Amino acid sequence: MSTVFSIIIPHHNIPGLLRRCLDSVPRRDDTEVLVVDDGSDAACQRELEHVAADYPWVRFIMCKECKGGGVARNVGIEQAKGRYLVFADADDFFNVCMNDVMNDYRNSSYDTIYLKANSVDSVTYETAGRADHLNRYIEAFLSGKDPEGKALRYLFGEPWARIVSSRLVNDNQIRFDEIKVHNDTTFAYLTGYYSKNIHIDTREAYCVTVRSKSVSQQVSHERAYIRMRVFGKAESFLAERGIGVRPVEHYHQLLSLLAHGEFRVFVKCVRILRGESCGYYSILTGMCQALKATVINKL
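The numbering of the sequence shown is the working numbering, which starts it at 1 and goes up by one.
Among the hints, a few may not be true.
Simulated pairs of lysine-lysine, DSS-like, Cα-Cα distance not exceeding 25 Å [said to hold, decoys possible]:
hint, residue 1, residue 2
1, Lys180, Lys64
2, Lys64, Lys81
3, Lys67, Lys81
4, Lys116, Lys196
5, Lys145, Lys180
6, Lys150, Lys64
Have a look at the derived ranges for each label pair, beta carbon to beta carbon [said to hold, decoys possible]:
hint, residue 1, residue 2, range
7, Asp54, Thr3, 19 to 27 Å
8, Arg223, Ser109, 22 to 30 Å
9, Ser109, Val267, 32 to 40 Å
10, His260, Gly144, 33 to 41 Å
11, Asn170, Arg106, 18 to 26 Å
12, Ala53, Lys81, 17 to 25 Å
13, Gly144, Asn99, 29 to 37 Å
14, Lys81, Thr124, 33 to 41 Å
15, Ser2, Gly244, 15 to 23 Å
The hints are simulated quantities; they were obtained by calculation from the structure and are not laboratory data.
Since this is a predicted model, take the numbers as computed values, not measurements.
No residue lacks a Cβ here, since even glycine has one placed at the ideal position from N, Cα and C.
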């Protein structure tokens with residue numbers, strides 16, 4: 001049987017959670033599962049040998065160095081054989097309806113299929129809110145408030161809870177940014193832009209977890225600078241094409257920097273953003289005036 005789905009899972013130093021993720025993956029003749037280990041520590045690699053032995057139907061690809069999830073996902077894309085790509089994080093898992101979802105779309109011709117998701121704490125399984133934005137975007141599309149699905153296409157920046165045509169990805173040379181954070185943002189809006197035929201499925205087929213040590217929970221000045229470059233680039237792409245939507249996460253971070261007196265970091269972030277984005281410097285000026293900030297004079 002030909003391979004329809006390639007499920008790509010980057011992994012780094014969480015073999016126990018990886019087991020949970022793999023336990024949730026539907027076992028199917030039309031599906032391959034690729035775990036790309038992003039240079040885990042020696043002790044974790046030894047544990048991965050046991051994981052590989054327990055899941056012989058999974059293909060493990062070992063990267064010698066830790067270069068981030070973007071690199072790991074790109075390695076998976078290069079080696080994937082399926083008509084569709086499905087991405088999962090090793091600390092998340094699929095819900096039981098994922099098998100039915102795959103049955104329904106194994107013969108489809110959609111470019112991208114967006115799925116609803118739910119979210120829980122990785123330890124306590126208490127309900128969390130990491131999928132709320134995705135579900136809001138889907139409801140806006142279905143209700144007619146966003147008839148073109150612009151929020152889904154351009155503002156939903158995570159790779160999970162979607163099924164993407166590998167042809168679309170490869171024909172347009174779409175890859176993940178090979179950076180420490182927000183490596184998925186560019187991939188998400190580019191697949192949204194090039195997808196001419198999208199579909200929505202309201203089943204919550206994916207569960208994204210909240211975990212204190214995950215990459216998404218880490219904060220640093222370096223990560224703030226990376227965010228400005230990534231989202232500034234996104235702004236430029238969308239503005240140049242007249243898309244009419246704009247990501248705002250980096251503006252929220254700028255406000256937070258000002259509120260916490262991180263003026264030097266704010267100045268550097270604005271300089272980065274000015275170099276990447278298209279004509280939105282006036283928004284930054286207005287933000288500073290609203291907060292009665294004087295730091296803008298240092299630019």
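Hints, verified against the model:
1. Proximity of Lys180 to Lys64 is assessed by CA-CA distance (about 17 Å); at most 25 Å being required, the pair is judged to hold.
2. Of the supplied pair hints, the one linking Lys64 and Lys81 holds, its CA atoms being roughly 23 Å apart against a limit of 25 Å.
3. Restraint check: the Cα-Cα separation between Lys67 and Lys81 comes to about 23 Å, which is no more than 25 Å; the hinted pair holds.
4. Restraint check for Lys116 and Lys196: satisfied, since their Cα atoms lie roughly 20 Å apart, inside the 25 Å limit.
5. The suggested pairing of Lys145 with Lys180 is violated, with an alpha-carbon distance near 34 Å, which exceeds 25 Å.
6. For the given pair, Lys150 sits about 39 Å from Lys64 by alpha-carbon distance, which is inconsistent with the 25 Å threshold.
7. As the Cβ distance of Asp54 to Thr3 is approximately 22 Å, the hint placing it in 19 to 27 Å holds.
8. Take Arg223 and Ser109: their Cβ atoms lie about 39 Å apart, and the range 22 to 30 Å is violated.
9. Ser109 and Val267 have their C-beta atoms about 49 Å apart, which leaves the hinted 32 to 40 Å range violated.
10. Restraint check, His260 to Gly144: a C-beta distance of roughly 40 Å satisfies the suggested window 33 to 41 Å.
11. Our hint of 18 to 26 Å for Asn170 and Arg106 holds, since their Cβ atoms are close to 19 Å apart.
12. The supplied range of 17 to 25 Å is met by Ala53 and Lys81, whose beta-carbon atoms lie about 23 Å from each other.
13. Between Gly144 and Asn99 the Cβ separation comes to about 31 Å, which falls inside the hinted range of 29 to 37 Å.
14. In this structure the supplied range 33 to 41 Å holds for Lys81 paired with Thr124, their Cβ-Cβ distance being about 38 Å.
15. Distance hint check for Ser2 and Gly244: the Cβ-Cβ separation is about 39 Å, which falls outside the suggested range of 15 to 23 Å.
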